[in-house]
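Can you join these two chains into the complex? Each is in its own frame, and there are hints to help.
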Amino acid sequence: MEPIRTHRGRAAVLNRINVDTDQIIPKQFLKRIERTGFGEFLFYDWRYRSDGSLNPDFELNKPEAEGASVLLADHNFGCGSSREHAPWALLDYGFQVIIAPSFADIFYNNCVKNGILPIRLPEIQVYALMEQVMAGHTEVEADLAAQTVGLVGGERFSFAMDAHWRNMLLNGWDEIALTMQLEEQIAAYERRQVIG
Amino acid sequence: MRDKPRTIIEKIWDAHTIAVEEGKPDLLYIDLHMVHEVTSPQAFEGLRGAGRTVRRPELTFATMDHNVPTVERTHIRDPISRLQVDTLTRNCQEFGIELADLNSPDNGIVHIIGPELGLTQPGKTIVCGDSHTSTHGAFGALAFGIGTSEVEHVLATQALWQAKPKTLQVKVSGELGPGITAKDVILGIIATYGVNFGAGHIIEFTGEAIRGMTMEERMTICNMSIEAGAKAGLISPDETTFAYLEGRPRVPKGAAFAEAVESWRQLATDEGAAFDRTVELDAAVLQPRVTWGTNPSQGIGIHETIPDPTQAQTPADKKSIEQALAYMGLPAGGKLTDVKVDHVFIGSCTNARISDLRAAAAVVKGRRVAAGVRALVVPGSQRVKAQAEAEKLDEIFEAAGFEWRESGCSMCLSMNPDFVPAGERCASTSNRNFEGRQGKGARTHLVSPAMAAAAAIAGTFVDVREFLAKEAN
Numbered sequence: 001m002e003p004i005r006t007h008r009g010r011a012a013v014l015n016r017i018n019v020d021t022d023q024i025i026p027k028q029f030l031k032r033i034e035r036t037g038f039g040e041f042l043f044y045d046w047r048y049r050s051d052g053s054l055n056p057d058f059e060l061n062k063p064e065a066e067g068a069s070v071l072l073a074d075h076n077f078g079c080g081s082s083r084e085h086a087p088w089a090l091l092d093y094g095f096q097v098i099i100a101p102s103f104a105d106i107f108y109n110n111c112v113k114n115g116i117l118p119i120r121l122p123e124i125q126v127y128a129l130m131e132q133v134m135a136g137h138t139e140v141e142a143d144l145a146a147q148t149v150g151l152v153g154g155e156r157f158s159f160a161m162d163a164h165w166r167n168m169l170l171n172g173w174d175e176i177a178l179t180m181q182l183e184e185q186i187a188a189y190e191r192r193q194v195i196g
Numbered sequence: 001m002r003d004k005p006r007t008i009i010e011k012i013w014d015a016h017t018i019a020v021e022e023g024k025p026d027l028l029y030i031d032l033h034m035v036h037e038v039t040s041p042q043a044f045e046g047l048r049g050a051g052r053t054v055r056r057p058e059l060t061f062a063t064m065d066h067n068v069p070t071v072e073r074t075h076i077r078d079p080i081s082r083l084q085v086d087t088l089t090r091n092c093q094e095f096g097i098e099l100a101d102l103n104s105p106d107n108g109i110v111h112i113i114g115p116e117l118g119l120t121q122p123g124k125t126i127v128c129g130d131s132h133t134s135t136h137g138a139f140g141a142l143a144f145g146i147g148t149s150e151v152e153h154v155l156a157t158q159a160l161w162q163a164k165p166k167t168l169q170v171k172v173s174g175e176l177g178p179g180i181t182a183k184d185v186i187l188g189i190i191a192t193y194g195v196n197f198g199a200g201h202i203i204e205f206t207g208e209a210i211r212g213m214t215m216e217e218r219m220t221i222c223n224m225s226i227e228a229g230a231k232a233g234l235i236s237p238d239e240t241t242f243a244y245l246e247g248r249p250r251v252p253k254g255a256a257f258a259e260a261v262e263s264w265r266q267l268a269t270d271e272g273a274a275f276d277r278t279v280e281l282d283a284a285v286l287q288p289r290v291t292w293g294t295n296p297s298q299g300i301g302i303h304e305t306i307p308d309p310t311q312a313q314t315p316a317d318k319k320s321i322e323q324a325l326a327y328m329g330l331p332a333g334g335k336l337t338d339v340k341v342d343h344v345f346i347g348s349c350t351n352a353r354i355s356d357l358r359a360a361a362a363v364v365k366g367r368r369v370a371a372g373v374r375a376l377v378v379p380g381s382q383r384v385k386a387q388a389e390a391e392k393l394d395e396i397f398e399a400a401g402f403e404w405r406e407s408g409c410s411m412c413l414s415m416n417p418d419f420v421p422a423g424e425r426c427a428s429t430s431n432r433n434f435e436g437r438q439g440k441g442a443r444t445h446l447v448s449p450a451m452a453a454a455a456a457i458a459g460t461f462v463d464v465r466e467f468l469a470k471e472a473n
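From first to last, the protein sequence lines are chains A and B.
With the first letter of the first sequence counted as 1, position 195 gets the number 195 in our numbering; the numbers rise by one all the way through.
With the first letter of the second sequence counted as 1, position 330 gets the number 330 in our numbering; the numbers rise by one all the way through.
Mixed in with the good hints, there may be bad ones.
[Stated by the list, open to error] Here are the in silico distance ranges between beta carbons for each label pair: (1) A:Pro56 - B:Gly200: 32 to 42 Å; (2) B:Arg265 - A:Ala188: 22 to 32 Å; (3) B:Glu208 - A:Pro56: 34 to 44 Å; (4) A:Val194 - B:Pro5: 43 to 53 Å.
[To be verified] Some but not every residue of chain B turned toward chain A, in silico, with C-beta under 7 Å: (5) Ala15; (6) Ala19; (7) Tyr29; (8) Val71; (9) Arg82; (10) Gly147; (11) Ala156; (12) Gly436; (13) Arg437.
Derived by calculation from the structure, the hints in this document are not laboratory data.
Backbone N, C-alpha and C define an ideal beta-carbon position, used for all residues, glycine too.
One chain only, chain B, in its complex shape (with noise of 0.2 Å):
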């Protein structure tokens, strides 16, 4: 009789299971835990207090990425930040963890190193103290992020109690139009589902449109799970995985490579495998995206109107648009393309790898950035900056009026001296746009690389096709 068709997310948790207890959560083993600064120091105290050993130290890899300023990084300024950096060295040291440190050529943003080293890799249960730990899912890995008691618990015991969530696939058909990218993707799905349409589930992206994607493009959809509340998303892994991981320094080498991929080609979900529940998206109908809101689902196409809140569903809406408009400065029914920016920030770990900072490129060429506009480029790690300027795409970048900064989470949630100033507006290529994340009473607007290179040119939001169709002619 054959097996039971299961589900990616199905093999991967059967296969970590430690323990199963009628009337508890399951044990699950976690094969990579990452560490950074932030999230962490209190968990190494509650070791130490408990008289508490790393049980697998080498399954744990650390680096600092935060409060990492991007000019001088090694410099920072702030001493409570500087002591949080330190105390992440310092931990590393004592509980014997290998650790990225500032000065290392491989210091990034954790969720992009990881995949950069080849630490991510398919059928592994990876955990981080970081909700955006989604990410890593881009490779079938079941990848999600957890709070600082959870941290200390998978340090002292390399692993986790974990009720099993349900399964949600998200298949997304179509095939993109050109200037629609994988962030665009993204906020189209959550706008159309809501924040919290992911709650209790861990989502399975599927579909045409996904398969197409190279796995830099799959980062940014799976890195945007938790903005649909998932506990996890991730993607069945296939040639363009392999092709990703292969060469990449902590992946196994010749046969143990070949050996590698056969047991991962195992994971993928199996033909007539039943979810909890679909939803779909065409992938093709997308306009690039805006948000205008406070949450990742209050977004629209470029060319479509701000919402009126006097057309709301619900109450619960009418109330939640007013104050969103009402803190983001905008027009009930007005046009993103008469909305001015302030600043543009290309990066974060939903938009910084080398492709992002092509396709930015791309539009930044030759052009100049508007007058009165702040313009950050913050790549994702020391080794993509490293390959952006061995293309030599810093000097397109400055040559522009762009800030060519080093790497770090920086503007994203602004722990370091990036932020943008109260009332001011920014085309951020991040991930959140909840009030005050880049600065108390920052605007930010959730866009595409290609979208915020557009704007940083224009001065305002602006559809990055016309710039496309301009270079075409």
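Pulled out of the complex, with its shape left as it was, chain A reads as follows (with noise of 0.2 Å):
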């Protein structure tokens, strides 16, 4: 996984509530057995109407979307399906970081273990910076060692992060070989399991 330490870009608005994974990335795309490829069908049901052409009312086919790589949302995004293919998909069409007023569970931890830096701030900042970026400032900077977000320029909002997360995104560590340091831990775990 790649360090992400601090990212400035471009930032796109979704402004809808509840947005679940099985929009971020339908099933009809989670039949591929690599873990890439899958940007081009990230919102596939919204970004293209039926005749395959784009939708020109999607918010991220507007040309001020164009290269977003920070994902304005709102309450809820992520919701449903545990499918990781939603961050790959994020990812992949070069979302680094979303902000949000609250994430569902699972999807949260799917970002992190991915190198997408998921930001929870109150709704009032989201939506303030919403309404800035749709009024046309829409460069976002995001420092995760200082732990703030905000509009280049503009005012920065603090946010708060697990300590372990936020080093685990800090660093780009691979998780499982720092778990597998505590082999002995676990063999002892087992043994009184077996035991008790």
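What follows is the structure in structure tokens.
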């Protein structure tokens, strides 16, 4: 996993609540056995019309959202299915930071495991950022080391993140390798279970 | 001094904590890891790439369910689906994992076969790369869905880093009226408290209505915990739990069973244990429920009217009702009993166990599916299918004009060839009415098996109690 310390990029606004992972990546694209190549199917049913052409009304198809790497989303983003194909598709499309007032638990974890920075901010701050971005101030900067995020040249908001997940992201660590260093403790647990 | 009273959630959590360090999530030991074909290939590939092995293959159990065709199940025509299924077979061979493949009598939906085989037991930590893993919580297990990176982590280490969630009691009082099912209860809870009221929490379902439920009904309840946003949902085990488990293939026998029951009895939440939060629902006032919108909280009793966005409490609610009604093609303020259905799907890990099929068959018996309605029954497993056939339920369904299929996830998410065409409407016993879930543009209404069966016969949504009343006369 690539480390992520700071990120600066254009933000896109997806102003809908309860966006589920079935929308982020519909089921017909879950059949692949690779981790890559999901970006073109991101939000497929919203992005494309039934004849396969781009839907010009969809938020990410608007010219101002082109090249966006920061997604401003609403409550309960990523709810529903546990499919990690959702963060794979977002990352492959180019999103590195997702800002929302709340995330679904499994989706949040899946982001962290893939080097996407999920940022929880109070609703009022997310909506303020959305308004600014829609008014044309689209450059957002996130600093994971300092745990701040905001518009370039604008107010910075602090965000909270569990220290463990923050370290994983900052260092791009292989979590499995770290856990395997605790083999002795895992084995000792198993011995206790057998005896107990 | 007596120990501080604890909930079952804390008891299982504490018993599985391998390492606790300040400022870190806990490292939890995993007792059972269930694997299916969709969320595992990249995890096995990751192991291979890093030269790692599966630490405890004997605690891992695999099945294929999502891609499986329900007609000629071993003949998968879609080459990408077939590759995914074949990849699981190869991975299980290479890493030494037991697999209930398409030819096995034990094959079926992962959350149906775990309990059926007795792999699911009280007090276990159970994970699977599937959000409906919460189903296994019905046995007093701590069971939750994980992503593919976590699947790989469990395969390699048999453990997972987890921040301890808060505890949430959902207390269901009252007695269920005739024709009211576990599905109506869980849909009622989610409609009352919303699709993310469980976020960051593990739910324990308590109360007389839950205690009075069979194991299969409890599984329906716990299955949909994720639709409330919860990490997991569970129910303290009791005599009903032990009676269900006794004699199952993977459950200890004889004296070992009696010993297991003794330890399982200790798991139930202690008198006086505190939850971080408690919410309540009176089951006695429930009507049979139908969802009208595009998330599981957007549902009403069969005799209530479809919401009108102009009456919404907040602008966000108004927008969400408008979007849902537009997608679903429903009139604000209309009646569900005027809404025609095109498809009926009886299946999924929520409602495709034998008692679900019996309840649907009881409604269908001696009646005919309405003209223009396509109705499918997809048993949850090959064992459920065999049992239903032994009881001749298949004959009742087929005589009424239902299609009787082989087992799998099928039209719950339509990764196999079964789907609902755009703009058409389906009464479904599954768990998600999200846009596009059953096919692009498909309109899903979540209902109980009895309500789905009644809709198939009437051709519109209808109060199943009217059918039951006719029988009583």
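To see whether the hints hold, each was checked on the structure:
no.: 1; hint: A:Pro56 - B:Gly200: 32 to 42 Å; verdict: holds (38 Å)
no.: 2; hint: B:Arg265 - A:Ala188: 22 to 32 Å; verdict: holds (27 Å)
no.: 3; hint: B:Glu208 - A:Pro56: 34 to 44 Å; verdict: violated (55 Å)
no.: 4; hint: A:Val194 - B:Pro5: 43 to 53 Å; verdict: violated (29 Å)
no.: 5; hint: Ala15; verdict: violated (9 Å)
no.: 6; hint: Ala19; verdict: holds (5 Å)
no.: 7; hint: Tyr29; verdict: holds (5 Å)
no.: 8; hint: Val71; verdict: violated (19 Å)
no.: 9; hint: Arg82; verdict: violated (9 Å)
no.: 10; hint: Gly147; verdict: holds (4 Å)
no.: 11; hint: Ala156; verdict: holds (5 Å)
no.: 12; hint: Gly436; verdict: holds (5 Å)
no.: 13; hint: Arg437; verdict: holds (5 Å)
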